[in-house]
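Q: What follows is each chain in one-letter form.
Number of protein chains: 2
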Amino acid sequence: MSDADLWRELGQQLRVDAVRASAKAASGHPTSSMSAADLAAVLLAAHFRYDYDQPKDPRNDRLVFSKGHASPLVYGLFRAAGVISDDEFMTYRQFGSRLEGHPTPVLPWVDVATGSLGQGLPIGVGMALAARRLDQTSARMWVICGDSEMAEGSMWEAAEHAAFYELDNLTAIIDVNRLGQRGETMHGWDLSSYSDRLRAFGWKAIEIDGHDVEEIHAAYRDAESTSGKPTAIVARTIKGKGYSKVENQPGWHGKAISSEDVEAALEEMGGIRNIKVDVPMPDAPDPHRFEPSGGDWPAYELGSKVATRKAYGEALAALGGDRGDVVVLDGEVSNSTFAEIFRDAHPERYFEMYIAEQQMVAAAVGMQVLGWKPFCSTFAAFLSRAYDFARMGAVSRATLRLCGSHAGVSIGEDGPSQMGLEDLAEFRAIQGSTVLYPCDGNQTAALVRAMADVDGISYLRTTRADTPVIYEPGGDFPVGGSRTLREGDDVTIVAAGITLHEALEAAETLEGEGIGARVVDCYSVKPIDAETLRAAGTPIVTAEDHWAEGGLGEAVLAALADVEDHPRVVTLAVRELPHSGKPAELLAAAGIDAEHIADAARRLVRETSRV
Amino acid sequence: MSDADLWRELGQQLRVDAVRASAKAASGHPTSSMSAADLAAVLLAAHFRYDYDQPKDPRNDRLVFSKGHASPLVYGLFRAAGVISDDEFMTYRQFGSRLEGHPTPVLPWVDVATGSLGQGLPIGVGMALAARRLDQTSARMWVICGDSEMAEGSMWEAAEHAAFYELDNLTAIIDVNRLGQRGETMHGWDLSSYSDRLRAFGWKAIEIDGHDVEEIHAAYRDAESTSGKPTAIVARTIKGKGYSKVENQPGWHGKAISSEDVEAALEEMGGIRNIKVDVPMPDAPDPHRFEPSGGDWPAYELGSKVATRKAYGEALAALGGDRGDVVVLDGEVSNSTFAEIFRDAHPERYFEMYIAEQQMVAAAVGMQVLGWKPFCSTFAAFLSRAYDFARMGAVSRATLRLCGSHAGVSIGEDGPSQMGLEDLAEFRAIQGSTVLYPCDGNQTAALVRAMADVDGISYLRTTRADTPVIYEPGGDFPVGGSRTLREGDDVTIVAAGITLHEALEAAETLEGEGIGARVVDCYSVKPIDAETLRAAGTPIVTAEDHWAEGGLGEAVLAALADVEDHPRVVTLAVRELPHSGKPAELLAAAGIDAEHIADAARRLVRETSRV
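The listed protein sequences correspond, in order, to chains Z and H. With the first letter of the first sequence counted as 1, position 299 gets the number 303 in the numbering used here; the numbers rise by one all the way through. With the first letter of the second sequence counted as 1, position 422 gets the number 426 in the numbering used here; the numbers rise by one all the way through.
Just so you know, not all the hints are guaranteed correct.
Just so you know, same-sequence chains aren't split out, so a pair can sit in one copy or run between any two.
[Unchecked claim] In silico lysine-lysine, DSS-like type, Cα no more than 30 Å apart, as pairs:
no.: 1; residue 1: Lys60; residue 2: Lys259
no.: 2; residue 1: Lys309; residue 2: Lys28
no.: 3; residue 1: Lys586; residue 2: Lys259
no.: 4; residue 1: Lys233; residue 2: Lys208
no.: 5; residue 1: Lys28; residue 2: Lys208
no.: 6; residue 1: Lys280; residue 2: Lys208
no.: 7; residue 1: Lys259; residue 2: Lys208
no.: 8; residue 1: Lys28; residue 2: Lys586
no.: 9; residue 1: Lys309; residue 2: Lys60
no.: 10; residue 1: Lys280; residue 2: Lys309
no.: 11; residue 1: Lys208; residue 2: Lys249
no.: 12; residue 1: Lys309; residue 2: Lys208
no.: 13; residue 1: Lys309; residue 2: Lys259
no.: 14; residue 1: Lys586; residue 2: Lys208
no.: 15; residue 1: Lys233; residue 2: Lys28
no.: 16; residue 1: Lys249; residue 2: Lys233
no.: 17; residue 1: Lys233; residue 2: Lys586
no.: 18; residue 1: Lys586; residue 2: Lys309
no.: 19; residue 1: Lys249; residue 2: Lys60
I should point out that these hints are in silico values taken from the structure, not numbers from a laboratory.
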C-alpha cells in the first residue's frame, strides 16, 4: 500500500471508529471527528514523533485537540497507535472509563483537558514557547482547532503571541467544516477569512482541501520547514465526511449515529479497520536545563514596612535562584506585581505576556505540561479575565501558581475597576485549589517557597500598600495552617492580609477596655485551619477586604458548619460598591478597619455575655 | 480663531487639565490622557452630538473610553462641555468625588465603567448593534482605545462582530502612543500592525498622525461617510505629548507630574484655558420601538417533565411577546440553552454572538445603556469566560440577565469541561447580584418574568435534564423567597434545582423511617431567604450540584452565621473532579443524590438527638 493509500485508509478507520464509539455511547460528536480524520491520520502516520511509554518526555511532539469535542478522534488515534485496546475504545463516555466525553489527562497521552473552546491553541503557544525558549528542543506542537472556536478572542491572543515569539515549532490545523453547533459559522467555507487574518497577525497560512491526504502531507512538510513564524493550515473539510446521510448537514453536531444506522454508515465507509501506526520516537536533543544560581532569600526586619507584592517579587527571584525549573509570566504589569524582580534576575525564564491574561494562564498550563513550574501574575481583578482557563486548568490536573496583586479596596484611588474583590471566591471554587493570603513580607516569602511544591491551582493574594512586618524572617507557614497572634478569651478575630493589621489594632483597643481578643491570622484560606477555628470557644469576628460572598468569612463558616456548639460569627466584608479614595478612607467606608472590627467584637461580647 | 486653531487649543486645554488634576490628586494617568487629547478635542468640537441634559437619550452619540485610565481626559471633556465646574474637576480621585480614578457611571455622562482594558470596544459594539438594529437611529458610537489593550482577545472578538454586523456607526480610535505600563507594546509605532489586522477582519482602517487636528478631522469625516463596515482610526501619538520632560519616556505610566514640576509643565503648554464647547444636540430620528405581540406564557402540567433550560427558552419567548424591550443574545448554543425559542419568535430582537462569551456579555452591557433589557445565555461553565465582564458590569451599574445552562455534574456524559460547578460562587461574588436556581418549569417561567424587573446583574441557573414539574403554573416565586415543600421537625433539607428533587425523594425515604424532614426549595440563592432558614429549628442538610465553595451551602451558612442557637449544618456538594457518566451515576458519585442526602440527614438526627 502506498503511503497515501495508508493515510486514506487510516482516515476511514478513524471515521468508522468515531461513529461506532459514539453510537455505542449514544452521545458524543462523531461528525466533528469525521471532518478532521484525514488531517489527524496524515499527522500520526507521517509527521508525529512521540514515545507513548514516556508521555511526559519533553522531547516528544505534542498534539492538542483544541476542538476537544472531537474526542472520538482523539481516542481513535490512541487505538491506531496501539495504546488502547478496542475493548477499552468502546467504553467511550461510560462511567469509570478513561475515555471521557471530552479528553482529560486521565489518559496519560492527553496533556491537557479541552472542551472549553478556544483554549487549545493558547495552551499550544505555551508548549511551543517552553520547547523553544526553555527546553530548546526541536519538538513540534500541533493543534487541531475548530473553525467555530476562531470566534474566541483567546485564539487571537494566541495568534498574536505565537507570531511575536516567532514560534515556528507551532502548527495550527484549522478544521473548517463550516458548521458550528447550531448552524453555519460566521465565515462558512471562506478559507481566506481565516488565512487573511492569520497572515495579518504574522503567520504563514496554507489553504488546503482537508480530505486530500497528499495536500495535507505537503502542507505539514511546509509547516515543518518554515522558520521564524508559526504556520496555520486552513483546511476545507466536510462535517460528517464519509457517511452521506450526515455529510455537511446541519443538526448533526453532538449527535451520535443512531443504532439502526450504524451498520449502513460503517458499510459506506468500508467497515472496521485495524491499522496500527508505528509512531517514531522523538529525535530532539536532550532538553536544556537551567542551573540553580543560588542567591539570598529576602528577610524583612520586624517593624519595617514592605508591600507583600514586593516581597512576592523578591521571593520569586530567590526561588528562581534555588530552582532552575521555575518560570514566570506576567500580564504587562510586572512593575506593579513586582514580577520584574524575577525578570531582572532570570531574564531567560521570564515571559512577558502583555495584556492578555487568558494567554498568560494558558501558556502556563502549556509550560507545566513540559515539566516547568510557572508562576503567573497580574492584578487580582484581572485574573477574572482568565477564570475559565484556571477552571479548565484544574480539569487538566495542571499545577499552576497564580498571584493576584492589588487586592481589595485598600488599593485606594484607582477605584473599583482595579480592586480584586472576588478573587478569593473565584479561586476557592476551583477543584483542589490552594488559596493563600499573606499579611507581611516574611510570610509572603515563606508562602512563595511553599507554593513551588503545591500541586494543583494555587493562588496567592498580595496587597498594594506597604504593611508592617510582624513575623521574623524564616518562619514556617504551612499550607493549611494559621497563626494565633494574640490570645484572648472573650472574642476571636479572624483576618488575613491587610485586615490582619486592622485586627491587631482592634485587639489592642479592646484590651484597653478589658476585652480579651484572640487574633488568628488565617493566611491559608484554603485549605483552612479548621481545627484552630473549631477550638476557638468564643464568638468570632471575621474581617476581609473582599466581597462577603465566597471569601474568608464563608470559609470560616464552612469550617464551623457542623460543630455542636457553634459560636456566633459576625462577618465583616465589603458589601457596597467602593469608590476612589485613600486606603484608610476606603477600609473605613467598607466597615473593615480596626474601628469597625472593634465595634463588631464589642457588640458580640456584650450580646453573648448577656445571654 | 479658525476651527483648527480652536481644536489645537482645546487639545492643549485637555492636556493642561490632565496634568493639573492628577498632580493635585498625586496619582492618575496624565501621560495617557495627553496622547489622546487632540483625538478627543476634535471629536468633541466638530463631530460629537449629545444632549448633556438627557444622557440616556438613545439618539445621542456615545463616547466610550476603552482606555479608562485616561480618566483625566474624560473629565476634561466634561469640563470643556461645561457640565462640571473647575472646582469639581479638581476633586479628581478624592474620596466622595464623582471623578473616580477610572470613569464610572456615578457621573451621568459616563455610560459604562472602564479600567479593565479590552472592554470598551466590545461594549461599543453592543451600543452600535442596538443603535443599528433595535433603535434604528443614526447615533454614532466612538471608542477611544489604547494600543496596549489591543493584545486582549476581547478586542478581536469586537473586531470580528463589528465587521460581521457591518457596524458602520462604530468608530474605534486607537491611540498608538507606543508605551504600555511597563515598557513598549508588542508593535510600538508600527501602525500597520493594527491596520493590517483590522482590515483583515473587515474594517476600514485609516492611519494618521494623532496630533494633527486636520488629519484627525478628515479621518472622522471619512469614518462618518463610510458605509457597510466599521472604521478604525489608527493614530500615531506621543505619550505625555505637550510636556517635554515626559514625552515618549518610559516610566511615566500612571504617574502624576510632581507638584514642583506642574508649573513648568503648564507653562510649556501655554497655561490654563477655559474653552467651552457647545456640543450640538443629536439629530437622529426617534428610536424604533417593538410593539408587544402578546402570546401565552408556558404552563407545565404537574407531574410532567421538562428541562428548566427548555422552560427558560419558552418563558423568554413569552416575555418577548409581553414586552418590546427584551432582547436576547446567545453564544452559539441556542439549541442547548433554548434561547432559539425566543429567536424563532422574535428574530429581530435576537443576536447570535457565536462562540465569543466576552463579546456577548459586553454587547449586553452596551445594549442596556440604550435602554434595552438583554438576556444572555450559554453553558454555565462558559460564562466563566466572561467573568471579568460581569464583574465590571456591576461597576457599570448595568442591569444584565445571564442564564447558564448545563449546570453541574447532572449534565452527564460530556464530562467536567462542560459542567458549570463554580457559577453560583462566581455570580454570588458580584456586587448587588441576584442568583436564581429553579427546579421546575413553572418556577423557571416565574423567575424569568421576575428577572425582567431586577436591577443589577442577575443570574439564572438551568439544568440540562428533564425534571418533574412540582409547582402549579402561575405560582409566585419572589426574589429572596423560598418554598417549604414538606414539613418535618427532625431535620431540614435545603436544596435547589436538580438536588431539590433528590431532597424530596430523601424526605420520602426518611418519613418511612419515622424521621420528619422539612424540605426547603431555596430557589433564590442570593438574596437568600434568611428568615426561613433562621427559623428552621432543626439541624440542616444542604445539597447542591456545585463545588462546596461559594454556592448554596455557604449561602445558607452565611444566613445563619450569627444566630444564637446555631443548628448543625452538613453541606453536601461536589468535592472531587467528576467524570463522564450517566446523570444518576454522577449525582451518586458526588454524594448529592437522594441516598446521600438521606444518609446525612439520618446521621445528623442521630447525632443531635443523642446529645
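Q: Confirm or reject each hint.
A: Here is how each hint holds up against the structure:
1. For a Cα distance limit of 30 Å, the shortest separation of lysine 60 from lysine 259 qualifies neither inside one copy, at 33 Å, nor across copies, at 46 Å.
2. When the C-alpha separation of lysine 309 and lysine 28 is checked against a cutoff of 30 Å, the pair qualifies only between copies, where the shortest distance is 26 Å, while the shortest distance within a copy is 64 Å.
3. For a Cα distance limit of 30 Å, the shortest separation of lysine 586 from lysine 259 across copies, 16 Å, qualifies, whereas the shortest one inside one copy, 57 Å, does not.
4. Both within a single protomer and between protomers do lysine 233 and lysine 208 lie at most 30 Å apart by alpha-carbon distance, with minima of 7 Å and 26 Å respectively.
5. In the homo-oligomer, the alpha carbons of lysine 28 and lysine 208 never lie at most 30 Å apart, since the shortest distance is 40 Å inside one protomer and 51 Å across protomers.
6. Taking CA atoms no more than 30 Å apart as the test, lysine 280 paired with lysine 208 passes in neither setting, with 32 Å inside one copy and 52 Å between copies.
7. Taking identical chains as interchangeable, the C-alpha atoms of lysine 259 and lysine 208 are never at most 30 Å apart, the minima being 34 Å within one chain and 40 Å between chains.
8. For the identical chains of this complex, lysine 28 and lysine 586 are inter-copy neighbours only, at 14 Å across copies versus 63 Å inside a copy, given an alpha-carbon limit of 30 Å.
9. For a Cα distance limit of 30 Å, the shortest separation of lysine 309 from lysine 60 qualifies neither inside one copy, at 44 Å, nor across copies, at 48 Å.
10. Taking the shortest Cα distances, lysine 280 and lysine 309 never come within 30 Å of each other, neither inside one copy (65 Å) nor across copies (47 Å).
11. In this homomeric assembly, lysine 208 and lysine 249 never come within 30 Å of each other (Cα to Cα): the closest approach is 36 Å inside a single copy and 42 Å across copies.
12. In this homomeric assembly, lysine 309 and lysine 208 never come within 30 Å of each other (Cα to Cα): the closest approach is 52 Å inside a single copy and 53 Å across copies.
13. In the homo-oligomer, the alpha carbons of lysine 309 and lysine 259 lie at most 30 Å apart only across protomers (22 Å), although the nearest pairing inside one protomer, at 61 Å, exceeds that limit.
14. Taking identical chains as interchangeable, the C-alpha atoms of lysine 586 and lysine 208 are never at most 30 Å apart, the minima being 51 Å within one chain and 44 Å between chains.
15. For the identical chains of this complex, lysine 233 and lysine 28 are neighbours neither inside a copy (42 Å) nor across copies (48 Å), given an alpha-carbon limit of 30 Å.
16. Within a single copy, lysine 249 and lysine 233 get their C-alpha atoms no closer than 40 Å, and across copies no closer than 39 Å, so neither meets the 30 Å cut-off.
17. Within a single copy, lysine 233 and lysine 586 get their C-alpha atoms no closer than 48 Å, and across copies no closer than 45 Å, so neither meets the 30 Å cut-off.
18. Taking the shortest Cα distances, lysine 586 and lysine 309 sit within 30 Å of each other inside one copy (18 Å), while across copies they are farther apart (56 Å).
19. When the C-alpha separation of lysine 249 and lysine 60 is checked against a cutoff of 30 Å, the pair qualifies neither within a copy, at 41 Å, nor between copies, at 53 Å.
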